[in-house]
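A.B. asks: Residues in the first sequence are numbered from 2 upward in steps of one, following our numbering.
Some clues are possibly wrong.
The list that follows gives simulated cross-link-like pairs (lysine to any residue, SDA-like), each with its CA atoms no further than 20 Å apart [stated by the list, open to error]:
id : residue 1 : residue 2
1  : K398      : G416
2  : K62       : V206
3  : K238      : L174
Estimated spans, in silico, between C-beta atoms of each pair [to be verified]:
id : residue 1 : residue 2 : range
4  : F375      : Q435      : 20 to 28 Å
5  : A242      : K406      : 41 to 49 Å
6  : N23       : E237      : 23 to 31 Å
7  : R173      : N254      : 40 to 48 Å
8  : Q128      : R173      : 18 to 26 Å
9  : R85       : D244      : 52 to 60 Å
10 : P136      : K406      : 25 to 33 Å
11 : V206      : A448      : 28 to 36 Å
12 : K213      : G270      : 28 to 36 Å
13 : N78       : G270      : 34 to 42 Å
14 : A242      : A95       : 44 to 52 Å
None of these hints come from the bench; they were simulated from the model.
Source: prediction; values computed, not measured.
By construction, the Cβ of each residue, glycine as well, lies at the ideal position given by its N, Cα and C atoms.
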Amino acid sequence: MQKPSIPEGTRDFGPEQVRKRNFIFDTIRSVFEKFGFQPLETPAMENLGTLTGKYGDEGDKLLFKILNNGDYLKDANADALAARDSNKLVSSIAKRGLRYDLTVPFARYVVMNRGTLSFPFKRFQIQPVWRADRPQRGRYREFFQCDADVIGSDSLLYEAELAQIYDEAFARLGIPVVIKMNNRKVLFGIAEAAGIPDKFMDMTVAIDKLDKVGIEGVRKELSERDISETAMATIEKILAAPDTQALRAVFSNSATGLNGLDELDRVFGLLGKTTLQNEVKFDITLARGLSYYTGCIYEVAAKDFRMGSIGGGGRYADLTGVFGVPGLSGVGISFGADRIYDVMEGMGLFPETLVESVQIMLASFDEPSFEYAFQCATALRKAGVAVEIYPEPGKLKKQFEFAAKRNIPYVAIIGESEMQSDTLMVKNQKTGDQEAMSVEQIVSMLASV
RNA sequence: GAGGUUGUAGCUCAGUCGGUUAGAGCGUCGGAUUGUGGUUCCGAAGGUCGGGGGUUCGAGCCCCCUCAUCCUCCCCA
Numbered sequence: 002m003q004k005p006s007i008p009e010g011t012r013d014f015g016p017e018q019v020r021k022r023n024f025i026f027d028t029i030r031s032v033f034e035k036f037g038f039q040p041l042e043t044p045a046m047e048n049l050g051t052l053t054g055k056y057g058d059e060g061d062k063l064l065f066k067i068l069n070n071g072d073y074l075k076d077a078n079a080d081a082l083a084a085r086d087s088n089k090l091v092s093s094i095a096k097r098g099l100r101y102d103l104t105v106p107f108a109r110y111v112v113m114n115r116g117t118l119s120f121p122f123k124r125f126q127i128q129p130v131w132r133a134d135r136p137q138r139g140r141y142r143e144f145f146q147c148d149a150d151v152i153g154s155d156s157l158l159y160e161a162e163l164a165q166i167y168d169e170a171f172a173r174l175g176i177p178v179v180i181k182m183n184n185r186k187v188l189f190g191i192a193e194a195a196g197i198p199d200k201f202m203d204m205t206v207a208i209d210k211l212d213k214v215g216i217e218g219v220r221k222e223l224s225e226r227d228i229s230e231t232a233m234a235t236i237e238k239i240l241a242a243p244d245t246q247a248l249r250a251v252f253s254n255s256a257t258g259l260n261g262l263d264e265l266d267r268v269f270g271l272l273g274k275t276t277l278q279n280e281v282k283f284d285i286t287l288a289r290g291l292s293y294y295t296g297c298i299y300e301v302a303a304k305d306f307r308m309g310s311i312g313g314g315g316r317y318a319d320l321t322g323v324f325g326v327p328g329l330s331g332v333g334i335s336f337g338a339d340r341i342y343d344v345m346e347g348m349g350l351f352p353e354t355l356v357e358s359v360q361i362m363l364a365s366f367d368e369p370s371f372e373y374a375f376q377c378a379t380a381l382r383k384a385g386v387a388v389e390i391y392p393e394p395g396k397l398k399k400q401f402e403f404a405a406k407r408n409i410p411y412v413a414i415i416g417e418s419e420m421q422s423d424t425l426m427v428k429n430q431k432t433g434d435q436e437a438m439s440v441e442q443i444v445s446m447l448a449s450v
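Between the sequences and the hints, there should be enough to build the whole structure, so can you do that?
C.D. replies: Right, dumping it as structure tokens:
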């Protein structure tokens with residue numbers, strides 16, 4: 002006999018957890034739909050070539066590869082096998098992988114269906130993704146993302162709308178958040194102003210850590226990445242700038258940087274004319290790792306709870322280009338449903354009404370009343386009531402304990418006198434009150450609750 | 001990929017210096033004159049001490065390996 006187990010970083014979800022998760026999905030979905038996004042689903046697995054090279058070197062390492070079927074060593078790259086070179090060997094023994102996010106499969110879908118789609122195309126997608134990360138707090142190997150993307154327009158309207166979606170969804174979930182925004186062009190502007198455009202990626206990785214390691218840590222990180230003292234001084238000056246206005250002077254020799262500032266000002270200009278329930282703020286240290294972002298970028302953090310980012314996204318000018326269709330600019334955001342769950346659970350934000358869907362349980366004493374209960378249950382279900390019958394007649398104590406454990410709000414007792422009067426003795430489990438009622442009375446009573 | 005934490009009953013955890021038959025609370029099941037639960041009382045079941053090896057007269061406790069877990073870094077949702 003073997004001990005049952007599930008893979009590292011995966012989880013089962015019990016009835017209560019599924020209800021709570023569905024609450025999150027339903028809330029986010031309804032906001033997406035209100036903003037005109039349409040549903041899409043793509044396969045759990047993609048061809049490996051679709052996934053590799055889209056998430057940077059780090060991302061490629063975290064892809065789950067699927068071993069080919071059959072005699073997969075028959076076609077293996079013999080040289081790589083002999084040299085024990087795993088990286089070289091992979092492509093010859095695994096041609097598929099589990100999706101790493103929802104954005105890249107979406108881009109693939111858009112390219113494959115470009116003839117039938119009308120642009121701008123707005124889609125949302127709520128599905129699991131897989132990453133071969135080391136599991137830890139707020140990090141799983143299988144987790145759900147809830148994405149909304151619009152592709153085929155470079156209008157900054159969408160940047161503003163996506164910020165509104167974040168704002169409304171988190172407000173409805175009850176999580177106070179800070180929505181941080183930046184622009185990759187601004188980050189590039191910093192690199193240009195500092196005279197190190199070739200070290201753009203190294204620089205962003207370093208300044209991304211500012212709030213975590215402080216300015217000293219960033220300095221150390223920058224010097225480790227061979228960035229000169231003079232460049233560092235410029236970077237520090239820029240990081241200390243209070244707003245986009247102050248940055249304009251520094252970016253005088255960087256057209257890209259100024260363009261990034263223009264974009265941010267436009268988006269904040271649009272948002273400024275609306276009322277938001279959460280803070281949306283410019284954060285120049287926000288970098289984001291996914292290599293395909295080119296314009297505005299977002300990240301969402303819970304305000305009063307320690308957790309990594311619970312949402313992120315941004316504009317990618319040309320993600321479809323690698324699939325042979327250039328010129329389709331896209332922008333999108335993602336909600337990290339599993340982290341949102343952890344935050345809501347930790348802060349006690351789930352509504353109490355989610356615990357049980359059964360409204361009434363029927364209890365009986367003997368075979369005749371049991372059969373009568375079965376008829377009553379059928380009638381109640383026809384009227385739309387969620388009913389459970391205790392599976393065997395007998396001791397009421399056990400039946401009541403079962404109902405209490407399941408949080409079923411009403412228990413109806415059926416005995417000889419009830420059968421004669423064509424009623425059920427309905428007990429309110431919360432108040433303890435009970436009353437003889439007909440099936441019709443029960444239906445209308447439950448409908449009014 | 002690097003570093004660390006913790007593995008004892010279904011759950012949360014005690015377990016002294018290495019010493020007889022491994023404990024508690026909660027939960028589960030049964031009962032307290034058979035038409036009423038979440039309170040109380042009584043009783044019972046439930047353990048290969050994660051697994052393997054070693055040291056020792058003797059190991060839950062010490063050593064090695066291994067698996068799992070959680071956390072930190074990296075990176076990310």
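A.B. asks: State for each hint whether it applies.
C.D. replies: Evaluated hints:
A distance of roughly 15 Å separates the Cα atoms of K398 and G416; the hinted pair therefore holds under the 20 Å criterion. Of the pairs offered as hints, the one joining K62 and V206 holds, with about 18 Å between alpha carbons and a cut-off of 20 Å not exceeded. For the hint linking K238 to L174, the alpha-carbon distance of about 39 Å lies beyond 20 Å, and the restraint is violated. About 21 Å separates the C-beta atoms of F375 and Q435, a value consistent with the hinted range of 20 to 28 Å.
Remark: the range hint 41 to 49 Å for A242 to K406 is contradicted by a beta-carbon distance near 59 Å. Against the hinted window of 23 to 31 Å, the Cβ-Cβ separation of N23 and E237 comes to about 47 Å, which falls outside the hint. Evaluation of the 40 to 48 Å hint for R173 and N254 yields a pass: the beta carbon distance comes to about 45 Å. Judged by the Cβ atoms, the range 18 to 26 Å given for Q128 and R173 holds: they are separated by roughly 21 Å.
As the Cβ distance of R85 to D244 is approximately 54 Å, the hint placing it in 52 to 60 Å holds. Range check, P136 to K406: about 32 Å between beta-carbon atoms, so the 25 to 33 Å window is met. The given range of 28 to 36 Å is broken by V206 and A448, whose C-beta atoms sit roughly 58 Å from each other. Distance hint for K213 and G270: a CB-CB separation of about 31 Å, consistent with the stated range 28 to 36 Å.
The given range of 34 to 42 Å is broken by N78 and G270, whose C-beta atoms sit roughly 55 Å from each other. Our hint of 44 to 52 Å for A242 and A95 holds, since their Cβ atoms are close to 47 Å apart.
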